[in-house]
Amino acid sequence: MSFLCRFFVSEIMDTSNPAILVNGNLLPMHVRKRVRTVIQVLNSERGSVIGKSTDDQQLVIKGSPPSTPLTNFVEVIGIADSDKSIQAEIWTNFGDNFDASSFNQLCQLANAEYQHLFL
Amino acid sequence: MSINLTPNSIAAINGGDLNLKPLVQVLDIKQIGTSQERYRLLISDSVSTHHAMLATQLNDRVKTGRVKKGSVVQLIDYMCSDVQNRRIVVVLNMETIVLDCDIIGNPKLGDMTAQKTVSNLNSAQPGRSVYDNRGNMQSFRPAFNAQNPGSNNMQGLQTNPLLQSQGMQGSHPMLMVPNGSNGVLRSATGKNNNNTQTYAPTVQPPYQPPPSYRNQGPIMKNEAPARVIPISALNPYQGRWAIKARVTAKGDLRRYNNAKGDGKVFSFDLLDSDGGEIRATCFNAVVDRFYDVIEVGRVYLISKGGLKPAQKNFNHLKNEWEIFLEAASTVDLCPEEDGGSIPQQQFDFKPISEIESAENNSILDIIGIVISVNPSVPILRKNGMETQRRTVGMKDSSGKSVELTLWGDFCNKEGQNLQELVDSEMFPVLAVKTGKVSDFTGKSVGTISSTQLFINPDIPEAHVLSDWFARIGQNSAAVSISRDLVPSGSKNEIRKTVSQIKEEGLGRSDKPDWVTVKATITYFKLDSFCYPACPLMIGDRQCNKKATRSGTRWVCDRCSQEFDECDYRYLLQFQIQDHTGLAWVTAFQESGEEIMGYPAKEVYQLKHEAQDEARLSDVFRSRVFYPYLFRLKIKEEMYADETKVKITVVRADKIDYSSETRHMLDTISRFRRY
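Just so you know, the protein sequences line up as chains L and U, in that order. Going by my numbering, the residue at position 119 of the first sequence is 119; the numbering climbs one at a time, nothing skipped. Going by my numbering, the residue at position 240 of the second sequence is 240; the numbering climbs one at a time, nothing skipped.
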């Protein structure tokens, strides 16, 4: 299912506390802010998950993932606590097939000329 | 400057001199004839005038203004015949010498009967320049008349008494001064009038063997061989003619039966060195004489045949006439070196992209690389006979591809050959001569009985094409002009929004519009969503015509048969909506099943047999508000004095979000420019 569907279906959009769509390159611009991104799980341990961003950067996702096993692609929403890590609050399984390049382009559009549509 | 026309030439022509090649002036040009374009000239020799018909192959000289009223022309080739007590002169070839000229002399209108002899004319002509048969200037070669009997230009020469009498042999060097605007030579031998430039060019007459008369008696027949003329000059008014041409196609021997009894016929197509083509037909006894003699690819000298108008329904050669060979006709095989200048085949290839705009049922030649071959399918024809059908995909450097439909024998012979080549990845070049355009599904080309297929022909176009394919073609996508369904993954379809259908007036032209629309189903018409269909097979397809009740059984009009069980097929009408608007569309069986998820029969039974209204509306409700990528065929249709734009769903695809997203991202990038 498309990530856009999940956007509306899996949570009521909370405009009071928006999360900025980021990828690996955009994360540094939003440290200490609420962000959301999709990563491909590379390594999963208790307390943190190493993931690959849609623009091939390695990110550390801290926090406790849900009890259900993680799928290949996961969306995380949380506070960016450094250039390369996110303190995740919400974890959502996005399945094993995901169009990473389209998501990546979305991140770019959402942070550049179409920013006003997202925040 | 004043020009001298050939004096008394009108009289001479009427007297039967066909070798004069006189200079005459065109006083008038009139177009006559209702079905065919024919021009009638009024020609003058400055003293008398005569009407002459222009052979149709010269029509464009008048149309392009190369011959006008007042033009001085040299009649190169012409015929005289007596029709209904009138002498008709037909001009077969002429050269315009002066385009614009005031009327020369004081010509009187009225037919002249020949009185003067040829010799009188000769002595009256001072000075001459020499043109070869094509009206090109040639420098004077003193000994030309005897020495070059076999040259193509002169077609052999007979000793010209005119020149000899004027002593124009080697000892008199001629000073040829080309005159820039008119290209006429001025002789310096002093026999000219100094005040006027004498325009009296002559062309050495083509080799005319001296008439040979047999049977010295009251009736004498000229048995000398007729001279070879180009196929394009053939016409029924032509006297004795001969053509030398290569056989490019040989038809089958066909037998028939009509009021006169049994008969047989066969035809063959001819091509000569000028590119002229004509069909020749033989009937009955003539078939026996020539059927085994004629072989495709060989060159023949053909003479003494009749000419009649070509049957355009069967004969697609570019000639208004066809030859019919008779008892007196002669067909002689020529040695190969004789026909060296005659090509094996003549093609007029059109790029595949031009087929899209070609008229339905038009005939054309195409050449392309074969990229796919489908298996043969037996087809039941209207006359009850079964035949084979096979489709072949071809593409060329225009970036378009087309489906070629092979019928009958082509399926097993060339079709099989092509299959093997494509299977082993040796995509061959295929040249199609005389294919017929069809607009059944998009535009495609099909074979007819006179079609010829050439696999990997040794012609320059084929080499260019295989070169293109190896370098570019095999990796480039081609847009198909034949199939209406776009193969998945290929983004060649036109995307529209629902409102654009009405805004842009889609479907209003004489051809349907095919577009893709992403929209959501918002409402189903529940009343009649399917119809009873005839399940009987016609060839490889189901009849599917609406069946009508006949007691407890069903009957089909097209098949004229009854059957117990009918099939049920979807005829779904529903509303689709996107962010721009809404529209009503109709979906048939395939797309209907895709949308409903159930076979039409089941839903029908739910409504009419189980009478389960609740379940029925559940089924429909569950299918509503789903988005699809609809492939639509939009066409305006007449419904009892009213035209309505009908939208048919040809395909309903569930959205593939990944590719749809990429499409949207692409669209976004394109309107970022504002």
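Don't read these hints as lab results, they were simulated from the structure. Yeah, the Cβ is synthetic: ideal placement off N, Cα and C, and Gly gets one too. One thing to keep in mind: the hints can contain errors.
[Unchecked claim] Some chain U residues near chain L, calculated using beta-carbon distances under 8 Å: (1) V83; (2) K436; (3) S658; (4) T661.
Now the hints, each set against the structure:
The closest approach between the C-beta of U/V83 and any C-beta of chain L is roughly 82 Å, which is over the 8 Å cut-off, so the hint fails. Interface restraint check: U/K436 against chain L, minimum CB-CB distance 46 Å, threshold 8 Å, status violated. Hint status for U/S658: holds, given a least beta-carbon distance of 4 Å to chain L, under 8 Å. Satisfaction of the interface hint for U/T661 is found here, the shortest Cβ-Cβ separation to chain L being roughly 4 Å, below the 8 Å cut-off.
The structure does not agree with the numbered hints 1 and 2 stated previously, though it agrees with the rest.
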